[in-house]
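Novice: Each chain, written out:
Number of protein chains: 2
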Amino acid sequence: MSDPRIAGASVTQFGKHPERTGRDLFAEAGLEALSEAGIDPEDAEALYYGNFMGELAEHQGHQGPLMAEAIGLDVPATRVEAACASAGTAVREAVKTIRNGEAEVVVVGGAERMTNIGTAAATDALAIAADDLYEVRAGMTFPGAYALMARSYFDQYGGSHEDLAHIAVKNHEHALVNEHAQIQKEITVEDAIDAPTIASPLGLYDSCPITDGATAAVLTTESYAEEHDLDAPVAITGTGQGGDNLALQDRPHLAQTPAADKAAEEAYGDADVGPDDVDFAEVHDCFTIAEVFAIESLGFYERGEGIAAARNGETTRDGDRPINLSGGLKAKGHPVGATGVAQLATVAWLLDGSHPRADAVPDSTVGVAHNAGGTVASTTVHVMEVQE
Amino acid sequence: MSDPRIAGASVTQFGKHPERTGRDLFAEAGLEALSEAGIDPEDAEALYYGNFMGELAEHQGHQGPLMAEAIGLDVPATRVEAACASAGTAVREAVKTIRNGEAEVVVVGGAERMTNIGTAAATDALAIAADDLYEVRAGMTFPGAYALMARSYFDQYGGSHEDLAHIAVKNHEHALVNEHAQIQKEITVEDAIDAPTIASPLGLYDSCPITDGATAAVLTTESYAEEHDLDAPVAITGTGQGGDNLALQDRPHLAQTPAADKAAEEAYGDADVGPDDVDFAEVHDCFTIAEVFAIESLGFYERGEGIAAARNGETTRDGDRPINLSGGLKAKGHPVGATGVAQLATVAWLLDGSHPRADAVPDSTVGVAHNAGGTVASTTVHVMEVQE
Chain A
1 MSDPRIAGAS
11 VTQFGKHPER
21 TGRDLFAEAG
31 LEALSEAGID
41 PEDAEALYYG
51 NFMGELAEHQ
61 GHQGPLMAEA
71 IGLDVPATRV
81 EAACASAGTA
91 VREAVKTIRN
101 GEAEVVVVGG
111 AERMTNIGTA
121 AATDALAIAA
131 DDLYEVRAGM
141 TFPGAYALMA
151 RSYFDQYGGS
161 HEDLAHIAVK
171 NHEHALVNEH
181 AQIQKEITVE
191 DAIDAPTIAS
201 PLGLYDSCPI
211 TDGATAAVLT
221 TESYAEEHDL
231 DAPVAITGTG
241 QGGDNLALQD
251 RPHLAQTPAA
261 DKAAEEAYGD
271 ADVGPDDVDF
281 AEVHDCFTIA
291 EVFAIESLGF
301 YERGEGIAAA
311 RNGETTRDGD
321 RPINLSGGLK
331 AKGHPVGATG
341 VAQLATVAWL
351 LDGSHPRADA
361 VPDSTVGVAH
371 NAGGTVASTT
381 VHVMEVQE
Chain B
1 MSDPRIAGAS
11 VTQFGKHPER
21 TGRDLFAEAG
31 LEALSEAGID
41 PEDAEALYYG
51 NFMGELAEHQ
61 GHQGPLMAEA
71 IGLDVPATRV
81 EAACASAGTA
91 VREAVKTIRN
101 GEAEVVVVGG
111 AERMTNIGTA
121 AATDALAIAA
131 DDLYEVRAGM
141 TFPGAYALMA
151 RSYFDQYGGS
161 HEDLAHIAVK
171 NHEHALVNEH
181 AQIQKEITVE
191 DAIDAPTIAS
201 PLGLYDSCPI
211 TDGATAAVLT
221 TESYAEEHDL
231 DAPVAITGTG
241 QGGDNLALQD
251 RPHLAQTPAA
261 DKAAEEAYGD
271 ADVGPDDVDF
281 AEVHDCFTIA
291 EVFAIESLGF
301 YERGEGIAAA
311 RNGETTRDGD
321 RPINLSGGLK
331 AKGHPVGATG
341 VAQLATVAWL
351 LDGSHPRADA
361 VPDSTVGVAH
371 NAGGTVASTT
381 VHVMEVQE
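Residue numbers (full-length UniProt numbering), protein chains in the order written: chain A, 1 to 388; chain B, 1 to 388.
In short, the hints are calculated from the structure, not lab data.
One or more of the hints may lead you astray.
[As the list claims (entries may be wrong)] Ranges of calculated distance between the beta carbons of each label pair, as one might list FRET restraints: (1) A:K185 to B:G269: 48 to 56 Å; (2) A:D229 to B:D363: 50 to 58 Å; (3) A:Q13 to B:R137: 22 to 30 Å.
[Stated by the list, open to error] Going by beta-carbon spacing under 8 Å, a handful of chain A positions derived as facing chain B: (4) P18; (5) T21; (6) D24; (7) E69; (8) Q241; (9) D244.
[As the list claims (entries may be wrong)] A few chain B residues that face chain A, going by a derived Cβ cut-off under 8 Å, partial list only: (10) L56; (11) E58; (12) H59; (13) G72; (14) A83; (15) T97; (16) N100; (17) D131; (18) V136; (19) G144; (20) E227; (21) D229.
We treat Cβ as the ideally placed atom computed from N, Cα and C, and that holds for glycine.
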């Protein structure tokens with residue numbers, strides 16, 4: 001089994017593109033990824049594609065073949081949907097396809113168009129990632145759900161809105177050098193604390209924005225990369241996926257994310273690394289509290305200790321293990337069906353010593369991407385490593 | 001690589017269940033499949049699940065973890081969507097997962113709830129399987145699209161509505177012994193010809209009904225089956241998937257389905273069999289003309305010759321190669337996200353000599369399932385064989 005190499009990756013400008021269709025956004029990302037990879041598109045053998053709310057936002061299902069056509073590929077194209085973890089889950093299927101020898105070149109990506117329907121309709125569309133019968137009909141939306149989880153965390157382990165504010169400040173700071181980020185704006189802890197409340201204790205700066213965008217990556221085998229003399233030093237060496245009950249009410253604990261624990265354990269085992277080996281990570285901070293859950297599930301912190309990481313400067317650019325150097329979902333933006341592959345792209349760029357952004361984490365060798373869906377009912381974790 | 005064995009399968013009653021939720025339907029199918037398999041649910045390691053219009057019909061995305069919970073599984077759960085080929089595509093990912101050694105037991109299934117929103121809304125929801133910008137906004141629905149394809153076929157190769165009527169008569173006849181079928185009603189060629197026109201040349205009996213239903217199958221490795229002394233004589237020995245441009249206008253030919261040609265070629269190659277080895281098949285007859293495309297793409301007939309197969313009695317129960325012994329989508333019903341696995345279940349039952357329905361095709365050893373999405377922009381083909 002060959003661990004897939006990341007031969008090329010691309011991310012569109014994240015932000016508001018209400019006038020651009022999903023296919024237009026994905027075409028930009030997919031064509032650029034193929035071009036960057038230096039791979040003849042004729043060699044691509046499959047497309048795995050993440051999208052979440054196309055049915056509601058664009059009246060468009062069956063996007064797999066649509067997106068293959070958009071980037072000129074005549075290949076089997078499969079859309080995978082796991083809410084905000086759609087693209088991470090697509091990566092997992094793409095990795096499987098490379099590993100079992102079915103294909104030498106696989107394109108994986110995702111796109112989401114959200115701003116065209118407006119914030120209220122987008123919030124309603126996002127809610128279908130929760131349990132309609134037992135959560136949505138009772139009035140739950142995602143800010144409310146994560147607010148419940150944050151309250152539970154504070155109650156169980158301690159912590160405050162000010163701790164969360166440090167996460168927002170850090171991710172806004174990180175996004176300042178990410179040209180694709182939706183929000184490039186420095187904020188202070190006071191800004192975050194004083195911002196309007198969305199769902200107590202979460203305020204405006206605890207929540208990621210509504211985002212349009214697309215991303216794609218080209219995966220290939222080590223032997224294909226060697227044969228074609230590709231610059232593809234980064235491999236996906238570990239993949240993991242975990243699930244949990246969809247509704248919060250069906251879980252024993254609101255302040256832990258066992259789906260992510262399981263995904264991390266599987267991915268680390270697959271890659272034969274441990275949390276201490278990881279130099280940096282991109283994690284799913286749809287809300288600031290979600291970054292805390294993520295870094296605890298990834299084993300970087302004990303339960304109850306992740307809350308202080310940003311405040312202590314441990315997860316900032318200059319910290320021991322930077323988290324969300326892209327700006328995270330918080331500042332980079334979160335086109336939900338694309339996010340998992342955008343994380344993959346960021347990690348690959350940061351690990352690839354020849355990439356301009358690699359100076360953010362010099363000499364790093366192991367990076368991780370953590371992508372979560374719903375209130376972490378679906379999670380994928382991927383370990384990436386620089387290969388000799 | 002181990003070819004997955006089908007250890008158990010289940011199909012709910014197909015029909016109108018507007019009062020039952022998708023999770024309720026899937027729970028019935030999934031629990032019954034696990035029970036029939038005689039496998040401890042704790043041993044299941046993944047769920048692949050097909051669903052198409054849950055966002056529109058049930059305001060519910062992210063159904064993977066929801067459905068895992070519904071059948072008591074704590075496993076990674078992935079929803080795959082390829083319109084009406086969603087479940088066939090889920091099978092393909094499940095096969096991959098068994099073959100590359102990632103799991104010993106995988107549940108694959110699908111569900112669709114359609115009648116609760118009424119026929120007009122269901123027709124509109126089905127339309128998102130076509131290209132919204134270039135087809136749906138121009139007024140296209142699927143009966144219209146397949147009518148165009150039928151006209152093109154008649155124009156290119158000959159054939160008439162009466163030929164199609166024989167397909168409807170055959171599939172209605174076949175469904176009479178399928179207790180799960182939505183429609184158990186014998187019809188005549190005259191009935192089909194005299195029925196109201198839906199989109200000329202297609203009439204009421206050329207079109208499958210709107211259906212609620214669910215299905216599941218339990219796949220396992222040969223070694224697991226042996227170790228646990230399971231009755232699982234049927235293996236999935238070949239898998240293939242093909243894609244095409246989503247919009248009809250972007251294709252060179254309206255009377256051929258190259259996505260299915262490619263899927264068939266790959267599946268046959270994978271299984272090392274040819275069309276002549278196939279004893280019977282379940283194919284995607286969402287409209288009668290689609291059965292013609294399918295049996296030509298599967299290599300059972302030359303282009304232009306599939307149209308006469310039913311009329312000549314070659315694809316009836318007593319013919320040389322029976323097609324759609326379940327009644328097909330036409331009479332069994334078509335809960336779109338479930339159909340691909342329902343086909344798999346039918347083929348497994350017919351091949352398994354100990355199953356009551358196996359007398360339909362005595363001594364058969366090779367069966368095929370052909371599942372198509374949209375106007376055959378996505379297709380999967382699976383070859384199943386009785387193992388010694």
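Novice: Return the numbers of the hints above that this structure violates; sort them in rising order.
Specialist: As far as the earlier hints go, 4, 6, 13, 19, 20 and 21 are violated by this structure, in ascending order.
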